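K.L.:
Each chain is listed here by its residues.
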Amino acid sequence: VPIGDSPVLVRSAPAGRTSRTKATGGAGRPYGERLAPFVLIAPALLIILVFRLWPLLLGVNFSFTGDGDQNGAPVGLSNYAELFHDPVFRLALRNVGLLVLLLPVAVAIPGLLATFIFLRVPGNRFFRSVYFFPAVLSPVIIGAIFNLQLSVDGPLNAALGAVGLGSVDWLGDSSVAIFSVVGVHIWATFGMGLVVFLSGFATLDSTLLDAARVDGASTPQVIRHVIVPGLSRTIQFVFVTTMIGMLTSMFGLLFVMTGGGPGGSTYLPEYYIWIQQGQMNRPALASAASTVLFLVMLVVGLAQIALLRRGLKED
Amino acid sequence: MRGARPSKWVIAVPMAALAIATIYPMLFTANVAMKTPREYILDRFSLTSSPHWENIGTAWTSGGMARYFVNSVVIVAAAVVLLLLFGSMAGFAMSHVRFRGSRVLFLACLAALFVPFQVIMVPLVRTMADTGLIDTYPGLILAYVAQFLPFTIYLMTSYYGRIPREIVDAARIDGNNLYGVYRRIMLPLGRPALLSVGVLNALFCWNDVLIALLMAPSAEHRTLMVGVTSLRGQYTADVPTFASGVLIAAVPVLVIYLFLQRQIADGVTAGSTKG
Numbered sequence: 001v002p003i004g005d006s007p008v009l010v011r012s013a014p015a016g017r018t019s020r021t022k023a024t025g026g027a028g029r030p031y032g033e034r035l036a037p038f039v040l041i042a043p044a045l046l047i048i049l050v051f052r053l054w055p056l057l058l059g060v061n062f063s064f065t066g067d068g069d070q071n072g073a074p075v076g077l078s079n080y081a082e083l084f085h086d087p088v089f090r091l092a093l094r095n096v097g098l099l100v101l102l103l104p105v106a107v108a109i110p111g112l113l114a115t116f117i118f119l120r121v122p123g124n125r126f127f128r129s130v131y132f133f134p135a136v137l138s139p140v141i142i143g144a145i146f147n148l149q150l151s152v153d154g155p156l157n158a159a160l161g162a163v164g165l166g167s168v169d170w171l172g173d174s175s176v177a178i179f180s181v182v183g184v185h186i187w188a189t190f191g192m193g194l195v196v197f198l199s200g201f202a203t204l205d206s207t208l209l210d211a212a213r214v215d216g217a218s219t220p221q222v223i224r225h226v227i228v229p230g231l232s233r234t235i236q237f238v239f240v241t242t243m244i245g246m247l248t249s250m251f252g253l254l255f256v257m258t259g260g261g262p263g264g265s266t267y268l269p270e271y272y273i274w275i276q277q278g279q280m281n282r283p284a285l286a287s288a289a290s291t292v293l294f295l296v297m298l299v300v301g302l303a304q305i306a307l308l309r310r311g312l313k314e315d
Numbered sequence: 001m002r003g004a005r006p007s008k009w010v011i012a013v014p015m016a017a018l019a020i021a022t023i024y025p026m027l028f029t030a031n032v033a034m035k036t037p038r039e040y041i042l043d044r045f046s047l048t049s050s051p052h053w054e055n056i057g058t059a060w061t062s063g064g065m066a067r068y069f070v071n072s073v074v075i076v077a078a079a080v081v082l083l084l085l086f087g088s089m090a091g092f093a094m095s096h097v098r099f100r101g102s103r104v105l106f107l108a109c110l111a112a113l114f115v116p117f118q119v120i121m122v123p124l125v126r127t128m129a130d131t132g133l134i135d136t137y138p139g140l141i142l143a144y145v146a147q148f149l150p151f152t153i154y155l156m157t158s159y160y161g162r163i164p165r166e167i168v169d170a171a172r173i174d175g176n177n178l179y180g181v182y183r184r185i186m187l188p189l190g191r192p193a194l195l196s197v198g199v200l201n202a203l204f205c206w207n208d209v210l211i212a213l214l215m216a217p218s219a220e221h222r223t224l225m226v227g228v229t230s231l232r233g234q235y236t237a238d239v240p241t242f243a244s245g246v247l248i249a250a251v252p253v254l255v256i257y258l259f260l261q262r263q264i265a266d267g268v269t270a271g272s273t274k275g
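Going line by line, the protein sequences match chains A and B. Everything in the first sequence is counted per the working numbering, starting at 1 for the first residue and increasing by one. Everything in the second sequence is counted per the working numbering, starting at 1 for the first residue and increasing by one.
No wet-lab data here; the hints were simulated from the structure. This one's a predicted model, so the numbers in the text were calculated from it and none came from an experiment. A hint or two may mislead.
As the list claims (entries may be wrong) - Footprint (simulated), chain A over chain B, 3 or more residues, beta carbon under 8 Å:
#, segment
1, 98 to 106
2, 207 to 216
3, 244 to 250
Stated by the list, open to error - Some chain B residues judged to face chain A by a derived CB distance under 10 Å, without partners named:
#, residue
4, I11
5, R44
6, L47
7, A111
8, F114
9, M121
10, L149
11, M225
12, A265
The C-beta atom is built at its ideal place from N, Cα and C for all residues, glycine as well.
Construct the entire structure; sequences and hints are all you get.
P.N.:
Quick look at the structure:
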């Protein structure tokens, strides 16, 4: 008899459960309970709507109004016209182009280093810890440290002097300064890409790697034909996040290292926005620059994803 | 067993050089912080003869770093608590409760993820000024919460999404309402993710300079990173004291890094493999 009993019990338990769930999940549940999901979401939603999405609309709208005497008056596209005639903003856009060109380098460095760490170079754990550390430091700290390194009589020039090369005015020469700042940014952030790549490696199919090894593939061949195709998602992620990082997290470096100079040569849109809205008291013009930056990021981001999708599929 | 073939050692050499190039600038700065200004001018490279800890004291008291440090700790702590609270509440609701509009709300959060601060900062400063929140602690805290909330929600939603429905169902059968499930099940189960997101948010807020510069410019509310930049103007001729200020701002991050490196990396990589 006990043996015959048990199936009934087993069957009745889920039945009871579904009816309970239905009772609490259906229209009959108490008002407070129906409201609960909204109460849970309300604080987050309010903050995001009021302080993130609404300002976006406000800003776009703002960019079509005037500054100063014309405060709030509609001025059409004149802010945008002024923007594209401003040599400093053009320099900022040129520098964005430069960043896009340097992007493959900024992705390849962590990619290559992650590959070596993944292939268990001696000391790989130590390297990983050291490389990642600057990525968690503030750009202000990084900038301050590198102001000392790059000063005319600082360590870098001393090292150049030691091997018989002349010193360079890293931050004072308008044709060099932007490369110095971008170089420092890459130095400071490649650790981010590195840990992302390493987590991607962890998802790689190890049997595939072993098979390639057994077939006698060289390390470059393994990288080219097994690792790169297997990491397409990760590579895409690193490309997009590195680009976003370059366009939106260099303010601290610029603020501490160059202040946009010399001669406006190290301006980026974010720095331009900050100067125009604060120092120059031109919030509407700054809003126009914000809108342009947003569009640039959108276009660059989408183009990257499209290009990478195609490129990686062809592999 | 890890048969380190010679080729691996060949690769290890440039990697070690890069590691040295990564560490050296920091050690150099720490060394400078321990010199007298005179020592620094005469020879900035040599190891300091005797460490001048009083530079740290000068930056801490006369440089105002003590005040900025307290400001930063208070603001970061408040922002992180609110981020974790709101983020986990919303993440739970979005991952486990189906209600009308839940999908749209999640997409709105994702959209906010792609709106950088630089794009909204002008109207945001104006809104904050209009509401009297500019240059106040609550204003800056709110700005940080708004800035990092989409990321927090995204991570918490995907983490909670991996918790089986059955656990939630079982808790409800035991008589919990949604708030009970959140408090008794989701908060404890979410601890690893909360730690990871919390540390990451703390670093983001601690390291930020742009938002702080805009939202809390006065010396009274200044955060540590803004303080470092103002210290530079204050001690142009006294590089060691400035370097000491840099150390004060960097050491807490180093300590957190040494203990929580894995959690930080988990947070950074959370979005990369799926979603």
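K.L.:
Work down the list of hints and note, for each, if the structure agrees.
P.N.:
Hints, one by one, checked against the model:
1. With 3 residues having a Cβ less than 8 Å from any Cβ of chain A, the segment 98 to 106 of chain B passes the three-residue criterion, so the hint holds.
2. Only residues whose beta carbon comes within less than 8 Å of a beta carbon in chain A count, and the segment 207 to 216 of chain B has 6; three or more means the coverage holds.
3. Residue count for the segment 244 to 250 of chain B with a Cβ under 8 Å from a Cβ of chain A: 3. That meets the three needed, and the coverage hint holds.
4. The beta carbon of I11 (chain B) comes within 5 Å of a beta carbon in chain A, closer than 10 Å, and the hint placing it at the interface holds.
5. A least Cβ separation of about 7 Å between R44 (chain B) and chain A falls short of the 10 Å threshold, and the interface hint therefore holds.
6. Evaluation of the L47 (chain B) hint against chain A yields a violated restraint, the C-beta minimum of about 14 Å exceeding 10 Å.
7. Of the supplied interface hints, the one on A111 (chain B) holds, with its beta-carbon coming within about 7 Å of a beta-carbon of chain A, less than 10 Å.
8. With 10 Å as the threshold, the beta carbon of F114 (chain B) comes within range of chain A, its nearest partner Cβ sitting at about 8 Å, so the hint holds.
9. The interface hint given for M121 (chain B) is met, as the beta carbon of that residue sits about 7 Å from the closest beta carbon of chain A, less than 10 Å.
10. A hinted interface residue such as L149 (chain B) counts as satisfied when its beta carbon comes closer than 10 Å to some beta carbon of chain A; here the least separation is about 6 Å, so the hint holds.
11. Annotation: interface hint on M225 (chain B) holds; nearest CB of chain A at approximately 4 Å, less than 10 Å.
12. The beta carbon of A265 (chain B) comes within 4 Å of a beta carbon in chain A, closer than 10 Å, and the hint placing it at the interface holds.
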